[in-house]
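Between the sequences and the hints, there should be enough to build the whole structure, so can you do that?
What follows is the residue order along each chain.
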Amino acid sequence: MEEMDSELVTTLVNAGKSWLVLTIAALMPTFWALTLIFQFARPYIVRVLRGLTLRFGADVWWLSYVLIRDALMLLTFAIGTSLILPGLYISMPLPLFAPLSTLLLFWALVFKLFGEADDDPRTFRAVSLLLVAAASLYFVPLFFGVEAIDQAYLGEIPAFLVSATNPSWAWPILLLALAGYAATGSYIFWRFMRTLRKGTASVTERSTEAAA
Amino acid sequence: MISLEDIPSFFEAAEIFLEGTIAAVLVVIWLLVVALHLARPYMLANLQKFTLRLGADLWWIIYLAFRDGLVVLAFVLSFMFFLPDVVGMLPLPLTGSLAAACAFAVLVLKLVTGGDADIRAFIWQTWLLGLGAVLYIVPFVFGVEAGALPGPAGEVAAFLVTTTNPSWAIPLTYVSMAIVGALGVVAVAYNLRESALPVSRANAQADT
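In the order they appear, the protein sequences are chains D and Y.
The first sequence lines up with residues 1 to 212 when you count with the working numbering.
The second sequence lines up with residues 1 to 208 when you count with the working numbering.
No wet-lab data here; the hints were simulated from the structure.
Incorrect hints may appear among the rest.
[What the hints assert, rightly or not] Here are the computed lysine to aspartate or glutamate pairs in the EDC-like style, where the Cα-Cα straight-line distance is at most 16 Å: (1) D:LYS17 <-> Y:GLU15; (2) D:LYS17 <-> Y:GLU12; (3) D:LYS112 <-> D:ASP70.
Written out as structure tokens, the structure reads:
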């Protein structure tokens, strides 16, 4: 009886875990859509900004927009990263290109971190194109793979687009994405340290000048 | 007493409950979206009464944030209508995916036209929202809800629900996905073309 109970609890926990992960995977298109909508709502937001009569109102409007837009991007990245943990990605039916999608989102965040995405049109375009590519890499395998497994007329396409049923593609994609994560993370660290050192050097220069 | 064999169906039921709740909440959201768009004259009338520009600006910002935020919410919650397996498994309104496409078309119109100052664009937005609300609420009320009851609406109700009419539901899903995809391309192209104006300059213009 005790053995039966323990088996029941294990199965219940495992099924609960699968349900949670797959629900998050199904919610990801919502986060992606919100990320894209807020990124591409910029002309609309700027138009309203110009219509406001006081700088206070304009600042509140712009501040709220930037806060929500960037928080959504970060949230999508954080949830996307949790879905590419090898134990989940290889064993559960997740979108095949999800790791690459999250890696591209990571690069978009790097552009935002080191560039002026709101004032420099080139950086804005780079971030926008990276987001479109990343979202497409998530949407296509989700709509035509994970959520279309029962659609017989699609033939082998759904099975190809799902990580658990296509391990021969899933493993290289996962390893490539993890290597990309490591390289991007190292780049951010190096760039941050360089900026910090430059800042320290200029502070030292200024204090030497002041002392002289 | 729950047994090992019951566990998968237990979580399937949880999924059905979650998605069914979202489908029901969408009725309320569609009603609010239409109501807030139709409330524009009332909001403008109140705007005239403010004695401080700060109050007027905040009133207008809050109205825009609620009104347009709800259109965004209606669209993102409708994403389940683009998932063929969900459409085939759950009794959802047949034209829910087209309603989602209408919400997205309104968002794109808001983006590429002159905003609230452009009355013609606003009229188009209101028509599209009205159409979207009808496309969602009518099959929900007369199909999903009435279909669950014994009564005269049997065949009509069966036609209006995705699970009992998959030969219409799946093609409509793909048509709506194509519409949303095409509109998405328009939105991206417009953004890439319009990204030349730096925000700091636009912000400065707000004060002039």
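### Task
Provide an ascending list of the numbers of those earlier hints which the structure does not satisfy.
none
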